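Chemist: Sequence:
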Amino acid sequence: MTLVGRRIDDQNKTITVHCLLSSCEVPSISGASMPFLDCSCLSGTEVESVDAGSQVDDIDRLHLNDEVSVHSKSPLRDANMMYATSASHYELLSELGKSFCNLTTMNLAKHVPSGKMVVVKRTNMDTCTEENLASLQNELLVWQFLRHPNILPHRAAFAQGSELWVIIGFTAYGSASSLLKLYFTRGMSESLIAHIFYGVLKALDYIHRMGCIHRCVRPRHILISGEGHIYLTGLHGLCNMVTDGQRLKLVYDFPEYSASVLPWLSPEVLQQDLHGYDAKSDIYSLGITACELAKGQVPFQDMRPTQMLLQKLKGSLCLDDLSFPPKELVMKNSRSGVDSGIGESVDPCTMIRTNTKEQPQSSMTETFSSAFHSFVELCLQREPRNRPSASMLLAHPFFKRVKKQPRKTLINLLQPAVPLSGSQAKAGTSQTPRDGPKGSLHELDGDWEF
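In terms of our numbering, the sequence shown opens at residue 1 and continues consecutively.
Just so you know, these hints were derived from the structure itself, not from any lab. Do not take every clue at face value.
As the list claims (entries may be wrong) - Keeping only pairs whose Cα atoms sit at most 16 Å apart, straight-line, the calculated EDC-like set for lysine to aspartate or glutamate is: (1) Lys-400 / Asp-302; (2) Lys-110 / Asp-126; (3) Lys-314 / Glu-227; (4) Lys-116 / Glu-227; (5) Lys-249 / Glu-227; (6) Lys-110 / Glu-91; (7) Lys-403 / Glu-383; (8) Lys-314 / Glu-377; (9) Lys-408 / Glu-227.
What the hints assert, rightly or not - Using C-beta positions, here's what the derived DEER-type ranges look like: (10) Asn-124 / Leu-250: 33 to 41 Å; (11) Gly-211 / Pro-388: 31 to 39 Å; (12) Glu-95 / Gly-226: 18 to 26 Å; (13) Gly-226 / Gln-272: 12 to 20 Å; (14) Ser-86 / Arg-186: 22 to 30 Å; (15) Gly-161 / Gly-315: 19 to 27 Å; (16) Gln-160 / Gln-272: 15 to 23 Å; (17) Arg-407 / Thr-129: 41 to 49 Å; (18) Pro-416 / Glu-256: 48 to 56 Å; (19) Lys-116 / Lys-408: 15 to 23 Å; (20) Ser-370 / Val-261: 28 to 36 Å; (21) Ser-389 / Gln-271: 42 to 50 Å; (22) Gln-272 / Asn-412: 24 to 32 Å; (23) Gln-160 / Thr-243: 29 to 37 Å.
From a predicted model like this one, the values you see are computed outputs, not experimental measurements. Backbone N, C-alpha and C fix where the C-beta goes; we use that ideal spot for every residue, glycine too.
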């Protein structure tokens, strides 16, 4: 259930790919040859430059056709020409990590003509299987098919020797996962989580309305730009629910997940039975992600897969029901010292949250607002039909104040985190406050996923 169909010729070791976005037949893929970059869906489809600041915030008034037409008003032809398909235009700097089963190396790089920072994803085609090649094509098609301000676009894709180079915009604050590791080890404030999730949900709502399932919502797939814009990535596992013009109610495609991904998967995906799953599985993953951002730990991380499945099958979970790795319970402190606007306030002297009735919080179960508890509980409903859609969640009281606050509020909430600059990139170190946590880009291997 991907965006491409393929026919494998075992004798000649080639793949004939049929793009499901159109009726075109993509040229064969063989070894390091990459003629699939010439697919009419890639070369003929305009890639647009999206001004994230001009996005309409009231998602309830947006219709799918209107949303696409808004972005198509500013095509990226000039941007595509600027980001040339030549390796000589890019100076590779620090390595951010590996992805795609360690077949892809992600490098921070400088675009020499403009001086801008970008990310270069380099995949050695000689080490790829036929299935790997088809998956790469699928990812490129997805980037052209899904165009939204909260989905990270790619700037260029070209062959460099035996490698496929994909150029992507750089997000200076990195991923939500890397922020947890370096700055928010005890978890993020509710207000910061609300701002992050508002952008993620808008991307998920768009993906679902386009008839797709993300299937891998997790902190490492949530990126934050230096301007405070939220992007959802990790589209390589996207599942298309539209077949022959008809939208399926359920899908039964269960890809091979690595053990590291299991904590975020919904019970219906983990079961892999005849009941199948739908887009509501992404909502469950969002709930697990919310718990991780709130407490700074991955739920179910130390459990065996069978034990994890049984725990998730017991019934609907809430924030305080989840199993976390053993850790000393501490009172969660605010990272901002300002009113979160979501049913709680912060005493600037003690930095301890109190609810709107000015009653001090006395336990871990009381450090989160009722709005956040409600949001998480809805996402983690055992039965998929009881979970709200992404569109419905955007109207949840948890996001009441987010819609009215400027984006600079998110930048303030990210403190003490600071965006990575070009000088730190060359040295391979992350910029940190004088007394803050110290880290290196190399320590974050695996925390970035573009």
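Chemist: Now look at each hint and say whether the structure bears it out.
Modeler: Cross-check of the supplied hints:
Of the supplied pair hints, the one linking Lys-400 and Asp-302 is violated, its CA atoms being roughly 35 Å apart against a limit of 16 Å. Taken as a hint, the Lys-110 and Asp-126 pair is broken in the structure, with Cα atoms around 26 Å apart against an allowance of 16 Å. Only pairs whose Cα atoms come within 16 Å are accepted, and Lys-314 paired with Glu-227 is rejected, the gap being roughly 42 Å. With a C-alpha separation of about 14 Å, the suggested pair Lys-116 and Glu-227 falls inside the 16 Å cut-off, and the hint holds.
About 38 Å separates the Cα atoms of Lys-249 and Glu-227, which puts this hinted pair outside 16 Å; it is violated. Of the pairs offered as hints, the one joining Lys-110 and Glu-91 holds, with about 5 Å between alpha carbons and a cut-off of 16 Å not exceeded. For the given pair, Lys-403 sits about 29 Å from Glu-383 by alpha-carbon distance, which is inconsistent with the 16 Å threshold. Among the hinted pairs, Lys-314 with Glu-377 is consistent with the structure: their alpha-carbon atoms are about 14 Å apart, no more than 16 Å.
Distance restraint check for Lys-408 and Glu-227: the Cα-Cα separation of roughly 8 Å lies within the 16 Å cut-off, and the hinted pair is therefore satisfied. Evaluation of the 33 to 41 Å hint for Asn-124 and Leu-250 yields a pass: the beta carbon distance comes to about 37 Å. Between Gly-211 and Pro-388 the C-beta distance comes to about 19 Å, which lies outside the given range of 31 to 39 Å. Remark: the range hint 18 to 26 Å for Glu-95 to Gly-226 is upheld by a beta-carbon distance near 20 Å.
Between Gly-226 and Gln-272 the beta carbon distance is about 40 Å. The supplied range of 12 to 20 Å is therefore violated. In this structure the supplied range 22 to 30 Å is violated for Ser-86 paired with Arg-186, their Cβ-Cβ distance being about 46 Å. Range check, Gly-161 to Gly-315: Cβ separation about 54 Å, and the 19 to 27 Å hint is violated. Judged by the Cβ atoms, the range 15 to 23 Å given for Gln-160 and Gln-272 is violated: they are separated by roughly 39 Å.
A hinted range of 41 to 49 Å for the beta carbons of Arg-407 and Thr-129 is consistent with their spacing of about 42 Å. Taking 48 to 56 Å as the suggested C-beta distance range, the pair Pro-416 and Glu-256 does not conform, at roughly 39 Å. For Lys-116 and Lys-408, the hinted distance range of 15 to 23 Å is satisfied, since their beta carbons lie about 22 Å from each other. Restraint check, Ser-370 to Val-261: a C-beta distance of roughly 31 Å satisfies the suggested window 28 to 36 Å.
For the pair Ser-389 and Gln-271, the supplied restraint of 42 to 50 Å is violated, since their beta-carbon distance comes to about 22 Å. Hint check: Gln-272 to Asn-412, Cβ distance near 44 Å, so the stated range 24 to 32 Å is violated. Distance hint check for Gln-160 and Thr-243: the Cβ-Cβ separation is about 36 Å, which falls inside the suggested range of 29 to 37 Å.
In terms of the numbered hints stated before, the structure departs from hints 1, 2, 3, 5, 7, 11, 13, 14, 15, 16, 18, 21 and 22, listed from lowest to highest.
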